[in-house]
Amino acid sequence: MNAERTEIKVRRVSSRKRSRESLKTHLTPARKRGGGGGGDSRSQQCPQHWSLSSIMADIQAAEFCSDSEDLFGDYDSILEDSSLLAKLDEAEQTERQRDVRPAAVDPPNFTSLRPQKDAVREDVLTASILDGLGDEAFEDLPPSQCQFQEQVQENVKRSRLDGDKTSTPVRDTDGTSEDKTKRPAKARRSVADQLKRTMVCNAAAPASVSRSIVLKEAVVTEEIGVAMQAMETVSAETTDLGPFFGLPSRVKDLMYKLRGIKTLYDWQQTCLNLDCVQRRKNLIYSLPTSGGKTLVAEILVLRELLCRKKDCLFILPYISLVQEKVRGLASFGLELDFMVEEYAGSKGKFPPVKSRNKTSLYVATIEKAHSLVNSLIETGRMDHLGLVVVDELHMLGDGSRGAVIEMTLAKVLYMSKTTQIIGMSATLGNIRDLQMFLKAENYTSDFRPVQLKEYVKLKDTIYEVDPKEEDGFRFSRLLNFKYSSSMQKLDPDHIIALVTEVIPTHSCLVFCPTKKNCENVAGMICRCLKEDFLQHRREEKVVLLRELKDSGNGSVCPVLRRTVPYGLAYHHSGLTTEERKLVEEAYSNGVLCLLTCTSTLAAGINLPARRVILRSPYVATDFLKRSQYKQMVGRAGRAGIDTEGESILILQDKDRNMVKSLVCAPMENCYSNLMHDDGKGLLSLLLSLIGLNITTSLDQIREFLCGTLLYVQQAQLCVEQSLWEVVQRCVGLLKDKDLVTVAADCHTLQVTKLGKATYKGSVDLTYSDLLYSDLSKGLDGLLLNSCLHLVYLVTPYDMISQCNPDWMLFFRQFTLLSAAEQKMSAAVGVPESFVARKAAGQTVKKSVNMEVVRRMYLALVLFTLLKETNLWIVADKFQLSRGFIQTLLSSSSAFCSCVLHFTEELEEFWPFKALLTELTRRLSYCVKAELIPLMEVAGVMEVSADHTCPTHFISFIIGGNPAGKHSIDQHQNTSWSCWFPSGLQNRYTEQHPLLLHMWREETLKREIKMDEEMMSHEQFTVTSEAALQRRLQNADSPGQRRPCGSVQDDRKPVQETSGSDRGLR
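In my numbering, each residue carries its 1-based index in the sequence shown increased by 4.
Hints in this document: simulated from the structure, not taken from any laboratory.
Every residue gets a Cβ at the ideal spot worked out from N, C-alpha and C, and that includes glycine.
Some hints could be false.
Claimed, not checked - Label pairs and their computed distance ranges (CB to CB): (1) P453 with Q806: 36 to 42 Å; (2) A643 with R706: 34 to 40 Å; (3) L338 with C668: 34 to 40 Å; (4) A643 with P562: 49 to 55 Å; (5) D279 with V223: 27 to 33 Å; (6) P453 with Q656: 30 to 36 Å; (7) D773 with L494: 52 to 58 Å; (8) P453 with L338: 46 to 52 Å; (9) A823 with S851: 22 to 28 Å; (10) A607 with L494: 26 to 32 Å; (11) D773 with I877: 36 to 42 Å; (12) P562 with L494: 17 to 23 Å; (13) T383 with A830: 41 to 47 Å; (14) K463 with N673: 45 to 51 Å.
Unchecked claim - Computed cross-link-like contacts, BS3-like style, restricted to lysine-lysine with a CA-CA straight-line distance of at most 30 Å: (15) K684 with K781; (16) K353 with K520; (17) K881 with K553; (18) K421 with K351; (19) K684 with K585; (20) K314 with K443; (21) K472 with K457; (22) K353 with K313.
Let the sequences and hints guide you as you build the complete structure.
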């Protein structure tokens, strides 16, 4: 390590120096023992051109010091005595005196040590000292000091090889020594100082780090520095900022290692080299689905995080997409040293926690991103946010969520002139309006990595979509499948014929109009497939069913149990999160070859297919939009796998004209939604602007609104009233709701406490008054011996409309409540008599607020779920889908977080702070209270109530409490495997051999039991030898969950047959 170029910061342990008197011995040099005149006279004989380094004994202690400071002021050696360095000093003095004495005896004959012209003399004094000490003195030195010795000896060897740079005195031919005074020798460090300096460098360097790792880090640091300088001085002519678009080459290596990406598409390179991108101007770019838009955004995010050292915000429309993005970028964060933080549901802190040395990437849903930006504005940290990326920018036109996106971007544009905004979408119509709103450049391309061919099917004929044709379609082919009369009744749309042309060797997606239709179509296809489909990747399907059963705590959806053996599954919101994750993983790995799904899959996770089939041009009862159609058919064609993709839309005669306009029409325009639902979005925007002190007067509000999409499109949207009149009306409504007041000067607008609580809690203005009223009533008679009352208060208002109570079930569950809980229900407006009359089918004369009744029913579902913690049991009790209950749980968790922030701003609600904090955690994890600390350990998944681990075990594995170790022996029959999902297996079983042994034993038991169940299934005939081999493999590798698709299948895929019986029984 080059000590001259290294800057080292060392924190002192103690700022008080020890007395040096106790350390002085007879070996201490005279210049240290005495000082000036009382020392040895020999120290005065050194020539003036020998400038010895002094010890900084009188310098005050500093908290930080550089490498030029004496860190060994109190000690002359690491051993806390002066033995080693004192010997070096004494030997150095002796050697110098030996060189000086001859000069005093015969001055005319010798000159001083004279360097070569225009060069600095190489001194071998150090070498002679070390030679005098001998090799034995360094036998026990640490490696850092041995390295110092080797460097010195290497320098000596070089100096002796060069005859012109010797230190041998030469005779002065002129008989004078004037050169000595004219050209004094350069001051040289003493041996002790050089050794101290080397020890400091070695101490600052990380021990046990290989030289190759150090060199790699140095290269990355240097490349980042070069990239930062290039970004500051970039010009229009510069097209490349560094090895990998302004990023260190290590990022390129990680792209290949983690993503398998070697090179970028041409359009991606062009987009990254755009002048507006290099100058950090705002950009909107649009391409067809699967074109690689996200990769460009990720590269820009990495450049902002690593080169400019600024935080970034990545906005995605759905929680599932946020979680997927967090998982995908977490590895980059670990490798490149930045934070990846999830803001979805109840996750995320406001304002975000400051990180001293690391930048952060916030991956957030639309609503959480708005709250995050508000918190950054309130704390004055907007300048830390360098980049905002918005995926699916066309959602600006999507109702209330579009209004939230517009509010977020408008605030960023107004409050920070240095924050760059990147918007991307596959479907954008009026791009010019969006450019004006975001003050952005536009890049558009029709690139697709795989060619897409669009078809429609009418009866038994397939037509290719061709806008050039008169009716928009061109004949392609006839279906050559011959259906029997029974099959024709079962499958009148010939879906089985279409899917068996591609499966199982290729993948297929079938989009259905409803969730129930997804399950029906999957079951119908399985009934007509040949038995050969059961043999395709059979063992991996066994693994998938086992994992589905584990995720359901022993329960498997009957539809999936029937369809998975054939390689089919359905995918919609009725599945739990864990089920969706397993199905998506199995489909991506090829274990499943067909998914029947709803339109939400197209807008969610990217699951491409060779063929996409649209069962109907409807979503529920609504006809497809152009943007929805494009998203669905865009899933056809897998880059790197397929040479082409194809989509087939099944239509009826009555829909022919509408479908023609659907497939050939341009994209729909995107309009501002601030005026949506009677201006609800505009009201929320004005309230937050006043509350955050962004605007405090009507004139400032007008100035802010000039930077919104609503202002750009006011000619189309503000027809009956001008925008200014709308603003004045909204401000009046805020005053009427007691959310905003006018100051004494009659000009300044101020937010009330209720208004501040409303915008800080992100509470819908429609429900703010109702929430305040419910919380106030709750304080009067809050039930504390049960969480039912609190659960009722945090049940989301917007889910009430989705609830239709089953009165008999309602009454049955109501009777199981305690007397206090039934009294609480009556207090909120749902008495037992009402529920009993509705269950008996009798007429209820007394009017009851049905919204309160429905909310109480949902609260009862949540209350039961928190007690049972088994989603399958609760779904069966209330006859609700698993997906609906999980959606209710996640929505309640998010709303509970909002209510918590709402109550924090109102002093009268102070008791709710502690209560709702704990309830938010329980709703987030849906486990027993004693398991919450375990769930907060990174990598731990949900734990079933049937497998709840005791408190003493938690204290043992988390806190290291040995008291719990004895109790573990008493629970040998407990299902220990549930305590070690994913990350916990590897983390704790290695540290505790007892737990590792119990994990192996339990895993083997469960594998044997589940294999017996699977082999008993009529659709599988796995041999006992194969089952035993699989169990032994699992027992040898405890804690390693085998992912779907990891088992190698040597069997050849099922060969397609020609004719009418292709793929059919």
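To see whether the hints hold, each was checked on the structure:
{"no.": "1", "hint": "P453 with Q806: 36 to 42 Å", "verdict": "holds, 39 Å"}
{"no.": "2", "hint": "A643 with R706: 34 to 40 Å", "verdict": "violated, 48 Å"}
{"no.": "3", "hint": "L338 with C668: 34 to 40 Å", "verdict": "violated, 48 Å"}
{"no.": "4", "hint": "A643 with P562: 49 to 55 Å", "verdict": "violated, 36 Å"}
{"no.": "5", "hint": "D279 with V223: 27 to 33 Å", "verdict": "holds, 29 Å"}
{"no.": "6", "hint": "P453 with Q656: 30 to 36 Å", "verdict": "holds, 33 Å"}
{"no.": "7", "hint": "D773 with L494: 52 to 58 Å", "verdict": "holds, 54 Å"}
{"no.": "8", "hint": "P453 with L338: 46 to 52 Å", "verdict": "violated, 29 Å"}
{"no.": "9", "hint": "A823 with S851: 22 to 28 Å", "verdict": "holds, 26 Å"}
{"no.": "10", "hint": "A607 with L494: 26 to 32 Å", "verdict": "holds, 31 Å"}
{"no.": "11", "hint": "D773 with I877: 36 to 42 Å", "verdict": "holds, 37 Å"}
{"no.": "12", "hint": "P562 with L494: 17 to 23 Å", "verdict": "holds, 20 Å"}
{"no.": "13", "hint": "T383 with A830: 41 to 47 Å", "verdict": "holds, 45 Å"}
{"no.": "14", "hint": "K463 with N673: 45 to 51 Å", "verdict": "violated, 35 Å"}
{"no.": "15", "hint": "K684 with K781", "verdict": "holds, 26 Å"}
{"no.": "16", "hint": "K353 with K520", "verdict": "violated, 38 Å"}
{"no.": "17", "hint": "K881 with K553", "verdict": "holds, 19 Å"}
{"no.": "18", "hint": "K421 with K351", "verdict": "holds, 29 Å"}
{"no.": "19", "hint": "K684 with K585", "verdict": "violated, 36 Å"}
{"no.": "20", "hint": "K314 with K443", "verdict": "holds, 21 Å"}
{"no.": "21", "hint": "K472 with K457", "verdict": "holds, 15 Å"}
{"no.": "22", "hint": "K353 with K313", "verdict": "holds, 21 Å"}
Checked against the numbered hints listed earlier, the structure breaks hints 2, 3, 4, 8, 14, 16, 19; every other hint is satisfied.
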